[in-house]
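From first to last, the protein sequence lines stand for chains A and B. Quick note on our numbering: the first sequence kicks off at 1 and runs consecutively. Quick note on our numbering: the second sequence kicks off at 1001 and runs consecutively.
Check before you lean on any hint, since a few could be wrong.
[Stated by the list, open to error] These stretches of chain B come out as covered by chain A in the derived footprint (C-beta under 8 Å, 3 or more residues):
id, region
1, 1036-1049
2, 1314-1323
[Claimed, not checked] Simulated pairs of lysine-lysine, DSSO-like, Cα-Cα distance not exceeding 30 Å:
id, chain 1, residue 1, chain 2, residue 2
3, B, K1049, B, K1015
4, A, K276, B, K1118
5, A, K220, B, K1118
6, B, K1336, B, K1118
7, A, K230, B, K1120
8, A, K220, B, K1015
9, B, K1268, A, K237
10, A, K263, B, K1268
11, B, K1015, A, K276
12, A, K276, A, K263
13, B, K1120, A, K276
14, B, K1049, B, K1248
15, A, K230, A, K214
16, A, K230, B, K1268
17, A, K220, A, K237
18, B, K1049, B, K1268
19, B, K1015, B, K1120
20, A, K230, A, K220
21, A, K220, A, K276
It should be emphasised that the hints constitute simulated quantities derived from the structure, not laboratory data. Bear in mind the structure is a predicted one, so any value in this text is a computation, not a measurement. Note that beta-carbon positions come from the ideal geometry of N, C-alpha and C, so glycine has one too.
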Amino acid sequence: MNDINNLNALEAGESQRFRKQERNVLLRIYEFLGIYVIAVILLVVGFFVNTSFFTPENFLNILRNIALLGIASCGMAFVVYIGKWCDLSLPSYMALSGTVAIACLPFGFVPALICGILAGMAIGALNGLVVGWLNANPILWTLAVVYFMEGFMRFTWSNTQIYPDQVLESRGLDTTAAEHFLAIFQTDVLSIPLIVIVMLLMFVLCHLVLTRTKFGLFAKYVGSSLEAAKSSGINVKLIVLYTFLATAFCASIAGIFITSLNKLGVFYLGQGYDFKSVTAVVIGGMMQSGGRGSMVGVFGGVLVIGLLTNIMNFIGINTFQQDIVTGTIFILVVGFHQYQLRSQGKDYA
Amino acid sequence: MHNKKEFSLVQVLDKNRALAMLIIAVLFFWLHPGARNFMTVYNVTTILKGASLSGICAVGFTLIFILGQLDLSIGSVLMLSGMLTIGLQPQLGWTLSTIVGVLSGVVVGIVNGLLVSKVKINSFIVTLGTMIVVRGLMHLYCDGGAKSVDDFAVADWLEMPVLGVFTPLALITIGIVLLFAFILTSTRYGRGFFMVGGNAETAWLAGLNRDRYIIVGFIICDGLAAFGGSLFAMSLASSTANAILGAKTLMQVIAAVIIGGTLMTGGKGSIIKSFIAVLFLITVNNGFGCFGFGFEVQIFVNGIILALVVLYEAYTVFRRDLLRGQRPYLLEELEKNRT
Chain A
1 MNDINNLNAL
11 EAGESQRFRK
21 QERNVLLRIY
31 EFLGIYVIAV
41 ILLVVGFFVN
51 TSFFTPENFL
61 NILRNIALLG
71 IASCGMAFVV
81 YIGKWCDLSL
91 PSYMALSGTV
101 AIACLPFGFV
111 PALICGILAG
121 MAIGALNGLV
131 VGWLNANPIL
141 WTLAVVYFME
151 GFMRFTWSNT
161 QIYPDQVLES
171 RGLDTTAAEH
181 FLAIFQTDVL
191 SIPLIVIVML
201 LMFVLCHLVL
211 TRTKFGLFAK
221 YVGSSLEAAK
231 SSGINVKLIV
241 LYTFLATAFC
251 ASIAGIFITS
261 LNKLGVFYLG
271 QGYDFKSVTA
281 VVIGGMMQSG
291 GRGSMVGVFG
301 GVLVIGLLTN
311 IMNFIGINTF
321 QQDIVTGTIF
331 ILVVGFHQYQ
341 LRSQGKDYA
Chain B
1001 MHNKKEFSLV
1011 QVLDKNRALA
1021 MLIIAVLFFW
1031 LHPGARNFMT
1041 VYNVTTILKG
1051 ASLSGICAVG
1061 FTLIFILGQL
1071 DLSIGSVLML
1081 SGMLTIGLQP
1091 QLGWTLSTIV
1101 GVLSGVVVGI
1111 VNGLLVSKVK
1121 INSFIVTLGT
1131 MIVVRGLMHL
1141 YCDGGAKSVD
1151 DFAVADWLEM
1161 PVLGVFTPLA
1171 LITIGIVLLF
1181 AFILTSTRYG
1191 RGFFMVGGNA
1201 ETAWLAGLNR
1211 DRYIIVGFII
1221 CDGLAAFGGS
1231 LFAMSLASST
1241 ANAILGAKTL
1251 MQVIAAVIIG
1261 GTLMTGGKGS
1271 IIKSFIAVLF
1281 LITVNNGFGC
1291 FGFGFEVQIF
1301 VNGIILALVV
1311 LYEAYTVFRR
1321 DLLRGQRPYL
1331 LEELEKNRT
């Protein structure tokens, strides 16, 4: 025990020496605040771009626009955190949960939502079992699942879209459940959109799960070094399974919201959210090597993307051309983050 | 003793699984009474033509996989290149516009390679970023619309049957595949790719410049993707800003390269097997089309095949990990000595 304490003291001294060597104040601020430095810079830029930037309506608007991405990124962050690269089947979770929720509307409003989330989590369980027990490559396996699920959903609903009110009317049922379902996205609670509240709650919940629970600590071990975690007696397979279930849970909630937004259930809902959420997670400081970063950082990443989009909309840049700016800033931020990690001697990201 | 190679049917089948799958698929669709027009000249020509875009992209992608990297940006690169080829053709003519298209891919490759090798960012993240940027550049160039030309001479020439079922498009594809397969397996520089991907440290000690290999790998990968996109756009004489083409090609190429037996961790792979796997995927899609099934069955079957291959790979690694540290051949030797 004493040895370990000595070792810790030694490591602390070592890192302090690294800190002292770095006289650069800006770097130390960046180290402490992370992505929020960029968020503050963007706020200042926004102040000069347009006078209506600093209004409560606009901030609510930004939050509403990033809410879907935020909930999806919450889920993606779990997979990145345990060092399993990414989960490309995120769109499948979203599409399946929303469509199943619509198909289950005859059973009532709340059962339909539960069915949708459970359907998404079923694929999550499949992914978790294969990646955890067989140690399959997560990118390739989830890619196969994307194909598989797209074919499955096209086949089951015979290539067509399903509408909530039609599902109920065709069975001669009351359409109040459909109205409830379509209203999810538009609902306001105390003049704040429901989806924004859900997103913030999800971030708080996921942050608590990652920092205050046994699962979160074990996930950090697994992400930092899978072999070491296995050797120290952690049930790695179970942790991977739980992680994929958490991802599927978050993505399914996002899926129900996106289905309510589009007012129909179809296989292509959520397409593009796989790479978008990876971008947000990585820009927020969670690296693909795993075990690094926090949910606070991921929220910063999502916020930066929202602010950037909002400012570019004020300037009047076309939606497609915004990709150029977003991508460039993504590469620059990640490159700078990498440089900063390397200057601390952590060159394995 | 344990080094002696024994003939094992399972191993031979595993090594040539792409070819075996292709043969099984062709025989199945040929002999099945439901797909009577599968083995016609016109249909085989269509399959070979359809394998052109993914086939050319798979060549460069195999190279990147052998180096142990990943390139997600090929989907965007091939669309940008196709758009440039079509958009610049009225001013520059076919040759120059194709060169400009391929050069755009080469530039993206240089950027990717420099960021991966010099700035040392993970290739997954770098190419994710360049994928987004290049897609934006394509939309900037074409304003989110479509471009087309009135000159159909080249498109007709590319799709005209020359040698039986082979069109110039298919011949160019096969030529590129054979050329790069020869370079990769039979030249000293090409063998270096395997060494850098398999064990970068040994390669460095042996005097191979890892950074240069990675940059060259990305240049070849993105350049070939750009060339494939140009050829595809040329054969259609038009190009649309529809992101589906790039995403689907990327997914098909990844699936084909994995089925062809290339390892994602690097150091092992074959260009010809990747091309055969592309042919296999296109054949399966085409065959189910001949049955009269829709797209949903094709994509479902593709998913199941890819899932089975990934599961099989994972299972072999799982078995090997179980045996790690054990020496089964010692037991065999003991048995032999006893008798």
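Against the structure, the hints:
1. 1036-1049: Violated - the region 1036-1049 of chain B has 0 residues with a Cβ nearer than 8 Å to chain A, which falls short of three.
2. 1314-1323: It holds: at least three residues are needed, and the region 1314-1323 of chain B offers 5 whose Cβ sits within less than 8 Å of chain A.
3. K1049/B / K1015/B: Roughly 26 Å separates the two Cα atoms, so the pair holds.
4. K276/A / K1118/B: Roughly 26 Å between the alpha carbons, so the hint for K276/A and K1118/B holds.
5. K220/A / K1118/B: 29 Å, holds
6. K1336/B / K1118/B: Given that 30 Å is the threshold and the Cα spacing comes to 54 Å, the pair is violated.
7. K230/A / K1120/B: With Cα atoms ~29 Å apart, K230/A and K1120/B stay inside 30 Å; holds.
8. K220/A / K1015/B: 38 Å, violated
9. K1268/B / K237/A: 28 Å, holds
10. K263/A / K1268/B: It is violated: about 48 Å lies between the C-alpha atoms, which goes past 30 Å.
11. K1015/B / K276/A: 37 Å, violated
12. K276/A / K263/A: With a Cα-Cα distance of about 22 Å, the restraint between K276/A and K263/A holds, given a limit of 30 Å.
13. K1120/B / K276/A: 22 Å, holds
14. K1049/B / K1248/B: With Cα atoms ~17 Å apart, K1049/B and K1248/B stay inside 30 Å; holds.
15. K230/A / K214/A: Holds. K230/A to K214/A sits at ~15 Å (cutoff 30 Å).
16. K230/A / K1268/B: 28 Å, holds
17. K220/A / K237/A: Since the Cα atoms of K220/A and K237/A sit roughly 14 Å apart, the hinted pair holds (cutoff 30 Å).
18. K1049/B / K1268/B: Between K1049/B and K1268/B the Cα gap is close to 28 Å, so the pair holds against 30 Å.
19. K1015/B / K1120/B: 33 Å, violated
20. K230/A / K220/A: Since the Cα atoms of K230/A and K220/A sit roughly 13 Å apart, the hinted pair holds (cutoff 30 Å).
21. K220/A / K276/A: 24 Å, holds
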